[in-house]
Amino acid sequence: MSALLEVEGLTKHFPVRRGLLRRVVGTVQAVTDVSFTVNAGETLAIVGESGCGKSTTGRALLRLIEPTSGTMRLDGTDLMTLSRADLRQMRKRMQIIFQDPYGSLNPRMTVREVLSEPLLLHGVATQANLQAKVAEVLGLCGLSSFHAERYPHEFSGGQRQRVGIARALATRPRLIVCDEPVSALDVSVQAQIVNLLQDIQKQLGVAYVFISHDLAVVRHIATRVAVMYLGRMVEEAPSAELFAAPLHPYTRSLIAAAPRPDPSAGRVHASVEGDLPSAMNPPTGCAFHPRCPLAVDRCRAERPELRTIGDTRVACHLAEPATMRAQTRPLDANTPLARRLAVLAAARTRNKETTPA
Amino acid sequence: MMTPADPPILSVEDLRVEFGVDRNVFRAVDGVSFSVHRGRTLGIVGESGCGKSVTSLAIMRLVSAPPGRYAGGRITFDGQDLLTLPDAQMRALRGGRMGMIFQEPMTSLNPVYTCGAQIIESLKVHANLSAQAARERAIELFDLVGLPSPSKRVDDYPHQLSGGQRQRVMIALALANDPDLLIADEPTTALDVTIQAQILELMKDLQDRTGTAILLITHDLGVVAETCDEVVVMYAGTVVEQAPTAALFADPQHPYTIGLMAAVPRIDVDADRLATIEGSVPPPWAVLKGCRFASRCPLADDRCKTQPPPLRAIADAHRVACWHAPIEGARP
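Chains as they are written, first to last, in my numbering: chain A, 1 to 357; chain B, 1001 to 1332.
The set of hints was computed from the structure by calculation and includes no laboratory data.
Think of the CB as a built atom: it goes at the ideal place given N, C-alpha and C, for glycine as much as any other residue.
Some hints could be false.
As the list claims (entries may be wrong) - Below, simulated SDA-like cross-link-like pairs (lysine to any residue); rule was C-alpha separation at most 25 Å, straight line:
| # | chain 1 | residue 1 | chain 2 | residue 2 |
| --- | --- | --- | --- | --- |
| 1 | B | Lys1204 | A | Ala347 |
| 2 | A | Lys352 | B | Asp1302 |
| 3 | B | Lys1305 | A | Pro293 |
| 4 | B | Lys1152 | A | Pro277 |
| 5 | B | Lys1305 | A | Ala347 |
| 6 | A | Lys202 | B | Val1269 |
| 7 | A | Lys352 | B | Glu1278 |
| 8 | A | Lys133 | A | Lys202 |
| 9 | A | Lys352 | B | Asp1272 |
| 10 | B | Lys1305 | A | Glu353 |
| 11 | B | Lys1152 | A | Ala256 |
| 12 | B | Lys1305 | A | Ser156 |
| 13 | A | Lys92 | A | Leu143 |
| 14 | A | Lys202 | B | Asp1272 |
| 15 | A | Lys352 | A | Met324 |
| 16 | A | Lys352 | B | Ser1280 |
| 17 | A | Lys92 | A | Gly70 |
| 18 | B | Lys1204 | B | Asp1229 |
| 19 | B | Lys1305 | B | Pro1284 |
| 20 | A | Lys92 | A | Asn106 |
| 21 | A | Lys352 | B | Thr1306 |
| 22 | A | Lys352 | B | Ala1300 |
| 23 | B | Lys1204 | A | Pro293 |
| 24 | B | Lys1152 | A | Glu273 |
| 25 | A | Lys202 | B | Thr1306 |
| 26 | B | Lys1305 | A | Asn351 |
| 27 | B | Lys1152 | B | Glu1140 |
| 28 | B | Lys1204 | B | Thr1306 |
| 29 | B | Lys1152 | A | Leu140 |
| 30 | B | Lys1305 | B | Gly1290 |
| 31 | B | Lys1152 | A | Gly70 |
| 32 | A | Lys92 | A | Arg23 |
Stated by the list, open to error - Here are some of the chain B residues that sit facing chain A, going by a computed Cβ distance under 10 Å:
| # | residue |
| --- | --- |
| 33 | Gly1049 |
| 34 | Arg1137 |
| 35 | Gln1196 |
| 36 | Gly1222 |
| 37 | Pro1255 |
| 38 | Leu1274 |
Using the sequences and the hints, build the whole thing.
What follows is the structure, given as structure tokens:
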């Protein structure tokens, strides 16, 4: 079976120009030689900290940013060589959801207009069945048809993100790039949107490239996870594998640094010192070596290539098959939290039965 | 080690803050009480619009009036009533005995002054140091908060530093005059996780060394679990639950607290589906007679919709504002 999306050697270097003549004085190596595949109906998460190139990668996939080099194929079609017109056609099959739904929705268009545009442009709906199609896609995203006449400013943050998802979903794409879709939302709303994305995937079989800095969300939603550092992929593995046995020291420190809402887990200790180096002038050898607790001379001199260990691809000279696996535990149904949650859920069900909507 | 039996450095009683003009008045903070002791950290946790940031601004008397207005309550800092304190004395407290750290260090540092100059100004004003002594103290503070090559950093402008470094400068600025109370409003929200871990560790170390009290405002239960001794959970301008951190996580009582905890995806726990709280926070202008969470609460009955539940103790230092608490018949 060939993958839905195949990306090979994706690279984006931005020239840095200075002075009166706009001479190129350097390049920001935002993304360098990134390769991955995404299968139909699965979620590949790309994680990393600010400046690691994850958003540039997401945008380059749709050629919203023109890649410097590399190849990308969606369903076998080469995306790099498409003309502008063909590319627009291709957008029917791949879409994007942004972090800030307020910034990405036209404030002068009602939700109906926002959704009608792609439906009509891509011939998914005709004037005759437009009404029904709009209602259908709103319903998929947990909105009602009366929301169609409203403007973006009339919605709360979570509802606006639902509109953003509806817009992306309108043309029934095979792949949606989700660029930090829940980062700007409050926890309770974030959970609603994460659940919605999972429901839609189950129902329609759409694949996600899920770009996020939040490892807990990623662990929850991803099939596979790719970790980026300073423009390069440093580790890629099935989600369960990555969290149970992270092989790259950077992945390990990312996981260790994520705060756990559990006072008995003890305090997190910062395991990485210093800041992300400049992407204009990345360190020699392994880009992580100045912050890596394990770095040896070889790491400073020679850049590690991605190699395969078990199901994991990792770019570290020192990586070895894991001997220890982190214990994750299933949700304990007998904690006070779980029991009370059950009480609330039961009450909710009861309420729904007694008051018919 | 101070014990909670000592008089608190800060106590807030029945604080009410309103915003609005003419008839369009809404209460952002409605009857909030808590206290913070030396050497300890109190967290205020809640979602956007719950009033946590207005509470912290109110303590520093930084709520701009109009449109803001203190509608009642008392704020006592080391025996002084802050709401009646003359402006000049309040100014002396801010940046002096009360340090502040805000979420976005780029907008809270002045871009046209060097980082050093901003600390030196504070030291000259509050500690009456000479220019030379202030500069030396600034370098010392930069070293204390872990900025690399501090003697060079003092002459850097904020834009020359990374986000984590800027937040370190903010912390150095907040600590410049050995504050008795540090108010940190979402201090790590704009930072990456590895940097967040560094900053939280730094704040904790500094607290151990100086014994300062910390009031930490955050939306992140993970940050609360790791740093706070005690927690206040706020919803729509009111305190819904208040407890020592371990007790709150082991025995959450308010339906909102329970919903919030269950909605957080966990890096260490498997779950098929996240629990959600249905609906969204009521808009600030909504007139709510009863419990403010009633419209989203599956347990809400007629009493909840008409009478606001009082915050009452259900165990030592564990208080909850819910008519239905404890929601299980027997407590564990």
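- Task: If any of the earlier hints don't hold here, list their numbers in rising order.
- Result: Hints 1, 3, 11, 15, 25, 28, 29, 31, 32 and 34 contradicted; others consistent.
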